[in-house]
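Engineer: The residues making up each chain are set out below.
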Amino acid sequence: QVTLKESGPGILQPSQTLSLTCSFSGFSLSTYGMCVGWIRQSSGKGLEWLANIWWNDDKYYNPSLKNRLTISKDTSNNQAFLKITNMDTADTATYYCARRGGDYWGQGVMVTVSS
Amino acid sequence: DVVLTQTPSILSATIGQSVSISCRSSQSLLDSDGNTYLYWFLQRPGQSPQRLIYLVSNLGSGVPNRFSGSGSGTDFTLKISGVEAEDLGVYYCMQATHAPYTFGAGTKLELK
Numbered sequence: 597q598v599t600l601k602e603s604g605p606g607i608l609q610p611s612q613t614l615s616l617t618c619s620f621s622g623f624s625l626s627t628y629g630m631c632v633g634w635i636r637q638s639s640g641k642g643l644e645w646l647a648n649i650w651w652n653d654d655k656y657y658n659p660s661l662k663n664r665l666t667i668s669k670d671t672s673n674n675q676a677f678l679k680i681t682n683m684d685t686a687d688t689a690t691y692y693c694a695r696r697g698g699d700y701w702g703q704g705v706m707v708t709v710s711s
Numbered sequence: 068d069v070v071l072t073q074t075p076s077i078l079s080a081t082i083g084q085s086v087s088i089s090c091r092s093s094q095s096l097l098d099s100d101g102n103t104y105l106y107w108f109l110q111r112p113g114q115s116p117q118r119l120i121y122l123v124s125n126l127g128s129g130v131p132n133r134f135s136g137s138g139s140g141t142d143f144t145l146k147i148s149g150v151e152a153e154d155l156g157v158y159y160c161m162q163a164t165h166a167p168y169t170f171g172a173g174t175k176l177e178l179k
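These protein sequences, in sequence, are chains A and B.
Everything in the first sequence is counted per the numbering used here, starting at 597 for the first residue and increasing by one.
Everything in the second sequence is counted per the numbering used here, starting at 68 for the first residue and increasing by one.
Some hints could be false.
Over 10 Å on every C-beta distance to chain A, these chain B residues come out as not near it, computed from the model [to be verified]: (1) T72; (2) T74; (3) S79; (4) I82; (5) S85; (6) S89; (7) S93; (8) D98; (9) D100; (10) P112; (11) T144; (12) M161; (13) P167; (14) T169; (15) K175; (16) E177.
In silico DSBU-like links for lysine-lysine, alpha-carbon gap of 35 Å or less [unchecked claim]: (17) A:K662 x A:K641; (18) A:K601 x B:K146; (19) A:K662 x B:K179; (20) A:K641 x B:K179; (21) B:K146 x A:K641; (22) A:K655 x B:K146; (23) A:K669 x B:K179; (24) B:K175 x A:K655; (25) A:K679 x B:K179; (26) A:K669 x A:K601; (27) B:K179 x A:K655; (28) A:K662 x A:K679.
If you are wondering where the hints come from, they were derived from the structure by calculation, not from laboratory data.
C-beta: ideal position from N, C-alpha, C; glycine also.
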C-alpha cells in the first residue's frame, strides 16, 4: 500500500525558509524510474508543480521558482524534502507531495506566511 | 509556459448522464520521446487530487472504466460515461511535456 504524508511548520514569517518533509511507504526512491514531486495549491494560482526528484538524483524545478527551491531525498528513511527560501505571503498554500506522475498524493499540509 | 484551457468551467449533470470535458493546450504535448504527457485528475471536496488518466488515455489503478481519455497534439477530452455521485468535484488536466509542468484551471462537476 502506497502512502505519502507531508509535514511542515504550518505558519512562518515573510523572508523565512520553508522546510517540508514527505514521508512515504509502499515504494522506494532507489527503484529505477521512481520519482517524488512537490505541488502546491493556492486559491490565487490554482495547482502549481514545483519540483521532482528521481531515483538517480536527477531534479526538476519549476523555472519561475528555481532560484528559491531545493529538493532532496533520504532514500534509506523513505523521505523527500523541499526547501523554499525567502517565503512571501503569496506562497501561502497547501503543499502536497506525490509519487511519480501524480499516481499517489499525500493529504497535503497547509502553510501560511504571515507577519 | 504552456497554457491549458479547460471547458466548460462548470458542468451540471444528472446521475447516469454522460459528460465530456475539453482540455486545449497552447502547444503540442507530443514529446520527442513519442509520449504525450497529458494527465487528468479529480479533486473531491476536502481531498487531495486523484489521478484518473495518464499519458492521454491510460486508466489509473483502481479508476472505474466509466472514465476515458482521448486526444492528441493540442486537443484532449475526458469522458465520463454515466456520472455517479462520487464523481462530483473539480477535474484538472495537467501536462508534463514542457517545463514548467502546468495545470488547467479546473472544471467543476456538480449535480443538476
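Engineer: Each hint should be assessed against the structure and marked as holding or not.
Structural biologist: Against the structure, the hints come out as follows:
{"no.": "1", "hint": "T72", "verdict": "holds (13 Å)"}
{"no.": "2", "hint": "T74", "verdict": "holds (16 Å)"}
{"no.": "3", "hint": "S79", "verdict": "holds (21 Å)"}
{"no.": "4", "hint": "I82", "verdict": "holds (27 Å)"}
{"no.": "5", "hint": "S85", "verdict": "holds (25 Å)"}
{"no.": "6", "hint": "S89", "verdict": "holds (17 Å)"}
{"no.": "7", "hint": "S93", "verdict": "holds (16 Å)"}
{"no.": "8", "hint": "D98", "verdict": "holds (13 Å)"}
{"no.": "9", "hint": "D100", "verdict": "holds (14 Å)"}
{"no.": "10", "hint": "P112", "verdict": "holds (13 Å)"}
{"no.": "11", "hint": "T144", "verdict": "holds (19 Å)"}
{"no.": "12", "hint": "M161", "verdict": "violated (7 Å)"}
{"no.": "13", "hint": "P167", "verdict": "violated (4 Å)"}
{"no.": "14", "hint": "T169", "verdict": "violated (7 Å)"}
{"no.": "15", "hint": "K175", "verdict": "holds (13 Å)"}
{"no.": "16", "hint": "E177", "verdict": "holds (18 Å)"}
{"no.": "17", "hint": "A:K662 x A:K641", "verdict": "holds (17 Å)"}
{"no.": "18", "hint": "A:K601 x B:K146", "verdict": "holds (31 Å)"}
{"no.": "19", "hint": "A:K662 x B:K179", "verdict": "violated (43 Å)"}
{"no.": "20", "hint": "A:K641 x B:K179", "verdict": "holds (28 Å)"}
{"no.": "21", "hint": "B:K146 x A:K641", "verdict": "holds (26 Å)"}
{"no.": "22", "hint": "A:K655 x B:K146", "verdict": "holds (34 Å)"}
{"no.": "23", "hint": "A:K669 x B:K179", "verdict": "violated (46 Å)"}
{"no.": "24", "hint": "B:K175 x A:K655", "verdict": "holds (33 Å)"}
{"no.": "25", "hint": "A:K679 x B:K179", "verdict": "violated (43 Å)"}
{"no.": "26", "hint": "A:K669 x A:K601", "verdict": "holds (14 Å)"}
{"no.": "27", "hint": "B:K179 x A:K655", "verdict": "violated (44 Å)"}
{"no.": "28", "hint": "A:K662 x A:K679", "verdict": "holds (11 Å)"}
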